[in-house]
Amino acid sequence: MKTAAIVLLAAAFAVTLLFACKSEEEKPPATSGIEGQVLIGPMCPVVQEGTPCPDEPYQATIVIWNAERTKEIVTIETTADGRFRVPLPPGDYYVNATLRGGDAMIMDLALAAGGTPGPTGSSPRSGYAPTFFPGTTVPSDAQKITLAAGQEAQGTEFALAAVRLAKVSGVVINSEGKPVEGSMVSALPRNLRDFVADPEKRSYLDLAQRLSEISTEKLRALATALNDLLD
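Each residue of the sequence shown is one higher than the one before, counting from 0 in numbering that gives the first Met the number 0.
Read the hints as simulated data drawn from the structure, not as lab findings. Treat the hints with care, as some may be off.
Within a straight-line C-alpha distance of at most 30 angstroms, the following computed DSBU-like cross-link-like pairs (lysine-lysine) qualify [to be verified]: (1) LYS70 to LYS200; (2) LYS143 to LYS177; (3) LYS70 to LYS177; (4) LYS217 to LYS70; (5) LYS200 to LYS217; (6) LYS177 to LYS166.
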């Protein structure tokens, strides 16, 4: 019975996904949008008073969030000079920029500034955190961008925030207290950590894992079969 329930839930999810994609395809092209540029700095090993050290354009990953900052609307790469334009329908949005690449956040500031990185094998002491417009790492301090029909929000320019990095180390053990070799460790935001740690959410995580292992073709076939059954 549990297996059947999971299969039906997966099918329902697939149907929702299928029709959502179709609905998106049928929408007319957006005439409004957000245009801007991402910068990075400081670009000087030592910043001195009276000596200009402007931030420089940087090719980054841009994420557009909905008004509640709970859903990613679109993810794009900027051009080589950090510029981007995202066509969007009227509404409220937040803009977030990150360095490209999974490990890019730990870029050493000295290396970015053209200096020498730390000793071989050492960990960078500084880097760049995911940054919301107009230049904050705190989501609640992000500035909302409101688009009216046909409106172009230009001048959305901001720099990635330079931060100090902390090093976390430890040992993964099993229920017997023995070290676990080859395990994966992830750092999660507090709200996501609480969700994952809740035993009552285990079924959702298991379902997400199973869905991630199903090919797109099988999901569409399952959705079509369920749709035919409901007709």
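Violated hints - listed by number, lowest first: 2 and 3
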